[in-house]
Amino acid sequence: MIGRRVALVGGASTPFGVRPTTWTELAQEVGAALFRAMPELRAEDVDSLFVGAAEPERFAFQSHVAPLVAEQMGLQPRRILQRTELACASGQSAIRSAYAAIAAGLSDVAVAVGVEKMNLPDMAEANSAMGCVLDRAWDGPHGATAPPFFAMVAQRHMLEYGTTEEQLAAVSEKNHRFANSNPNAQFYAKTFARDKLLRLPVVAPPLRLGDCSSMTDGAAAVVLVAEDLARKYTATPGWVRGTGQYSDFHNLANAGSLTDWVGMKHAVREALRSAKIETADLDLAELHDCFTISEIIEYEALGLCGPGEGGRFAADGRGELGGDLAVNTRGGLLGCGHPLGATGISQALEVYQQFAGTVPPVRQVSSPEWALVHNLSGSANVHSVMVYQRGQGS
Amino acid sequence: MIPAAETGPAPVSSPPKKERGTPFLLDFVPLEGEKETRLKPFFDRLREGRLSTTKCPRDGRIDWPPRVTCPRCHTESLEWIDLPDQGRLYAFSAVLGGAPLGMESEVPFAVGLVDLDGAPLRLYGRIEGRPWNELAVGEPVRVETYDVGDGRFFYRFRTVR
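From first to last, the protein sequence lines stand for chains A and B. Its first residue numbered 1, the first sequence is counted upward by one per residue in our numbering. Its first residue numbered 1, the second sequence is counted upward by one per residue in our numbering.
Every clue listed holds true.
Among chain B residues calculated to face chain A with C-beta under 8 Å, some are:
#1 L26
#2 F28
#3 V29
#4 P30
#5 P65
#6 A91
#7 F92
#8 A94
#9 V95
#10 L96
#11 G97
#12 G98
#13 E104
#14 R122
#15 W132
#16 V137
Cβ-Cβ distance ranges computed for the label pairs, FRET-style:
#17 B:D117 x A:S366: 50 to 58 Å
#18 B:E79 x A:P307: 32 to 40 Å
#19 B:E79 x A:P20: 51 to 59 Å
#20 A:A189 x B:K35: 52 to 60 Å
#21 B:G97 x A:T358: 32 to 40 Å
#22 A:D316 x B:R61: 37 to 45 Å
#23 B:P140 x A:A189: 44 to 52 Å
I should point out that these hints are in silico values taken from the structure, not numbers from a laboratory. From the three backbone atoms N, C-alpha and C, an ideal C-beta is built for every residue, glycine too.
Isolated chain B, as found in the complex:
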């Protein structure tokens, strides 16, 4: 089993029911509570501002997204490791139209692939901070965690320049 995060505020076990909003089956954000996922420690760490993932203690390799089993040796005893909070834009684009349900009001928004500094990971994510047409491949960004609006947390990137 993956050990729980050691500290941090106790999260709600499920997102509070919204009177209106995105229907459950069209809501992209994962369920984060202990009744819903074995990856609750990941989301607990997000609430502390830490982006993390799982590492196999046998071969020392990290995977993305975090897992409950190793895809190579299939052990269920994985370790949590904090990821670097800085990276650089490998590629980016923007959604100028055709957004999914619940994201229409956020258009236009920038997205990109970020090479994390010092970790063999290139993560996809929303790029906040400056408009898409002012971004540049190679520019530095930092990891940011945020409340999606109903108690669930997720991560994104923000420009630093």
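Next comes chain A alone, as it looks inside the complex:
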């Protein structure tokens, strides 16, 4: 890594779910939650604000959201103020931008916040919004949204490797179970046994309702600071040690293999290389489980198992706490819901809280040192990765 060292020093989240609030009210809520969670943080400390928001134009008919969010949160950024849009990875993109700004010396204390309000009176409008994440003019007219695309990914993985619906359900059951320990999760109070998951309605064959993350309202924020300021805010900073990103196509015709996510392998390799660690060094990972099949292929792309072995990896519980690697202890997108811009922020917050030892014991990883956060966006055509290390007195 180059430039100044950068630390993740805290954060907060609103409850995720179908929320009776507006987009703007969510921005206020997360501001209040952040200052409650970090009493050491003063508004005037924050010199920069990065707002991850995927589709406020569609979901809230609002552009120029960065100054709006600053006002709602009670911030007056004086160095860098910007929105980051990368669909499902908009939040991760805000964090990467904040990291880059601080490492370069252009910011000392930055807030990365994600806000999304996806539940609308007419959900067909929301579905159209999701459709224009893909190539609107060429794939959109056919009825292209995420579920049928990832369903084809699942179909090919089943065809090529014998992956089963039961293996998909194992991912969903795990992540929903973790979400039962996360009061901010959309499905905090709902349990999903594997046999129940296998009876839920089919949304896009072979994917059932429990294989798909939800349309979710929510906001989350984290604070990143320059190295010399970390101890002012926390005793357990999460140091940014690595980052990587890769994009190899956009139109679905140019996807290549649906089951070998080459772009994720590139992004992971770059992130681990810059952190000077290997996959086996990781203690926890937040992987982008927008669909159950995504997490299965991500096990493979991360190098936790061989090509085609992700389904068995899931069914054998190797992504559980106490398995090969604790994956999605927060509850994942499947259990927490997926408010696009807030997801990557919420994942980073889980890493911070795991390092701080403040998550409920049922999902606490024992003395974690290394964590990886991954987001895909669109049709898995972009992969964004961050690697964090728990502070060891420096």
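Given chain A, work out where chain B should sit, using these hints.
For chain B alone, kept in the frame of chain A given last:
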């Protein structure tokens, strides 16, 4: 510049205004008129039942979707080439709910990725002809063009068995 298609009926330059229907900014189908796109020849060919794309005369490679510049050498002198009208299903699924605006009444509908016969292209599209639960990976389909209902044309696939 991309040469215009040589034949075919003259299309409207813009879709006629609809009294009701999908609002412009939530309408997925591209604008096809000469005032709106440099790819008008593509849509002219669709009206003749021909699915086509652009080919770079320098390296001979075709791209999808059709383009106005080559992504490799950046020439603006691209050629039009007709694509095969037959292919095979590489993967498919269906939309059983959660359809975008204007497509709700079409649910359930099947979609798939089709490997075109004899061309290095795997196109995404609607699969018509049989219900999704009777489709099979590898089965043959053919290209079909259609009027989307307001004078604009688009393409889809239809089963042949």
